[in-house]
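Protein chains: 2
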Amino acid sequence: MNNIPEKKIERLSLYRRRLMSESGSRSYIFSHELAGLTNSNAAQVRRDLMMIGYEGTPKKGYKVELLIKYIGVFLDPVEKQNVVIVGAGNLGHALLTFFKNRQPKLCLVAAFDIDPVKIGKDIGGTICHDLADLPRIIKEKNVKIGVISSTENAAAEIADIMINAGIKSIINFTCFPLSAPKGVFIEQIDITASFEKAAFFSKE
Amino acid sequence: MNNIPEKKIERLSLYRRRLMSESGSRSYIFSHELAGLTNSNAAQVRRDLMMIGYEGTPKKGYKVELLIKYIGVFLDPVEKQNVVIVGAGNLGHALLTFFKNRQPKLCLVAAFDIDPVKIGKDIGGTICHDLADLPRIIKEKNVKIGVISSTENAAAEIADIMINAGIKSIINFTCFPLSAPKGVFIEQIDITASFEKAAFFSKE
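Residue numbers (this note's numbering), protein chains in the order written: chain B, 1 to 204; chain A, 1001 to 1204.
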């Protein structure tokens, strides 16, 4: 899967969500219409969709319901994927509740923290464990996806533990720039940088 | 401010946070060291810091505390900037609590929703108002930064209201691809796409 560009996966994810919004109001869609809904262009849309093996007809375009299914077959894990999240502070808590019931193929199986007050508690429907149990639980539950919402100083160590225990994808919400070995996918989401950019560009 | 590349602002934001982590343990830092802490390279670091008007010495490098200050003068608003957030669901709620006390120069002044159950309530320390009051409050409080954490279908309309009322920067947490008029900064943070990418690249 690693030779497929990240941007393509991002676009497919976006196509699907825009298609889901549209599915109530139309049965077919043309590539230029889908492009309009996603700030893309028709040629790009056609190339992306050709890759997943579904071609529309020149006359009617793509069948919306079918296209949603094809994208799902391509993007989604075949079986539910287990996810862990390390760092059960405000953002961690938010992510735990935000993703509950939103991602049918992703299952948050455990949260982790080092704060004794949080350990053993139910946080947004997920039990918070001691960070020391992270490698064991990753292996036991065959977890492939890890979310880091700890302090930035802990991020590198947590990522190492995750990768050594078998995690293949990390979503890093700290500003610490993780570098990953080959075969591990890292996604950085630096919300603080986004707010600082917004503040900068709002200056007159 | 609009001719300064976004990536440069992102890097400065990252430099500052990494410098703040380091400030307890060292007084000076060389460009190659700061580059190492931020997955950058020394030439890039020097170019970025030259722009903000602070040059280190070849012998000792940059003074950490001074560099943090210089970056702040360049990046931060002179006075507190007011921020509003529209959509007080799980993510909105999370953002409200997450940013409390984290951004000394940003002040969350109001949240908005259309859900009568939420309107008038205190959510993470911020009062939730009726969406109908958005333009009035933006103008009254001279708000320049807006956060959208609504449903994707409402995003375009909310962005229009924000921009018409005077907002200059929007952070959009929905997947709806907003396009902005000249002079308005839009930052897209599509958390769902990040999770879908993580799931895809974790497939074996």
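Just so you know, these hints were derived from the structure itself, not from any lab.
Every value quoted in this text rests on a predicted model; they were computed, and no experiment measured them.
Note that beta-carbon positions come from the ideal geometry of N, C-alpha and C, so glycine has one too.
Among the hints, erroneous ones may be present.
Said to hold, decoys possible - Partial pick of chain A residues on the chain B-facing surface, computed with a CB cut under 10 Å:
id	residue
1	1070
2	1089
3	1157
4	1161
5	1187
6	1195
Stated by the list, open to error - Derived list of chain A stretches under chain B, where covered just means 3 residues or more per stretch with a C-beta under 8 Å from a C-beta of chain B:
id	segment
7	1041–1054
8	1130–1142
What the hints assert, rightly or not - Restricting the straight-line Cα-Cα distance to at most 25 Å, the calculated cross-link-like pairs of lysine to aspartate or glutamate (DMTMM-like) are:
id	chain 1	residue 1	chain 2	residue 2
9	A	1069	A	1048
10	B	7	A	1022
11	B	182	B	115
12	A	1203	B	33
13	A	1203	B	140
14	A	1080	A	1115
15	B	69	A	1076
16	B	59	B	33
17	A	1008	A	1022
18	A	1069	B	140
19	B	7	B	140
20	B	203	A	1022
21	B	8	A	1006
22	B	80	B	152
23	B	8	B	79
24	B	63	A	1152
25	B	7	A	1076
Hints, one by one, checked against the model:
With a least beta-carbon distance of about 14 Å to chain B, the hint placing residue 1070(A) at the interface is violated under the 10 Å criterion. Among the interface hints, the one on residue 1089(A) holds; its C-beta lies about 8 Å from the nearest C-beta in chain B, closer than the 10 Å criterion. A least Cβ separation of about 14 Å between residue 1157(A) and chain B goes past the 10 Å threshold, and the interface hint is therefore violated. A least Cβ separation of about 17 Å between residue 1161(A) and chain B goes past the 10 Å threshold, and the interface hint is therefore violated.
This hint holds: residue 1187(A) has a C-beta 5 Å from the nearest C-beta of chain B, less than the 10 Å allowed. Evaluation of the residue 1195(A) hint against chain B yields a held restraint, the C-beta minimum of about 6 Å falling below 10 Å. Counting residues of the segment 1041–1054 of chain A whose beta-carbon sits less than 8 Å from any beta-carbon of chain B gives 0, not enough to reach three: the coverage restraint is violated. Proximity of the segment 1130–1142 of chain A to chain B, defined as three or more residues with a beta carbon under 8 Å from a beta carbon of that chain, is not established by the 0 residues found.
A hinted pair counts as satisfied when its Cα atoms are at most 25 Å apart, and residue 1069(A) with residue 1048(A) qualifies at roughly 15 Å. The hinted pair formed by residue 7(B) and residue 1022(A) fails the criterion: a straight-line CA distance of about 34 Å is larger than 25 Å. This hinted pair does not check out: residue 182(B) and residue 115(B) have alpha carbons roughly 32 Å apart, beyond 25 Å. Straight-line distance between C-alpha atoms of residue 1203(A) and residue 33(B) comes to about 31 Å, which puts the hinted pair past the 25 Å bound.
A distance of roughly 18 Å separates the Cα atoms of residue 1203(A) and residue 140(B); the hinted pair therefore holds under the 25 Å criterion. Taken as a hint, the residue 1080(A) and residue 1115(A) pair is broken in the structure, with Cα atoms around 29 Å apart against an allowance of 25 Å. Between residue 69(B) and residue 1076(A), the direct Cα distance comes to roughly 46 Å. Violation of the 25 Å bound is thereby established for this hinted pair. Note on residue 59(B) and residue 33(B): the hinted pairing holds, with a Cα-Cα distance of about 14 Å set against a maximum of 25 Å.
Between residue 1008(A) and residue 1022(A) the alpha-carbon distance is near 21 Å, which keeps this suggested pair within the 25 Å criterion. Using a Cα cut-off of 25 Å, the hinted pair residue 1069(A) and residue 140(B) is violated, with the two alpha carbons roughly 47 Å apart. A distance of roughly 32 Å separates the Cα atoms of residue 7(B) and residue 140(B); the hinted pair therefore is violated under the 25 Å criterion. Distance hint between residue 203(B) and residue 1022(A) is unfulfilled; the C-alpha atoms sit about 28 Å from each other, more than 25 Å.
Pair hint residue 8(B) plus residue 1006(A) holds up; C-alpha atoms about 22 Å apart against a cutoff of 25 Å. For the suggested pair residue 80(B) and residue 152(B), the alpha carbons sit about 29 Å apart, so the restraint of at most 25 Å is broken. Restraint check: the Cα-Cα separation between residue 8(B) and residue 79(B) comes to about 22 Å, which is no more than 25 Å; the hinted pair holds. The hinted pair formed by residue 63(B) and residue 1152(A) meets the criterion: a straight-line CA distance of about 22 Å does not exceed 25 Å.
Of the pairs offered as hints, the one joining residue 7(B) and residue 1076(A) is violated, with about 31 Å between alpha carbons and a cut-off of 25 Å exceeded.
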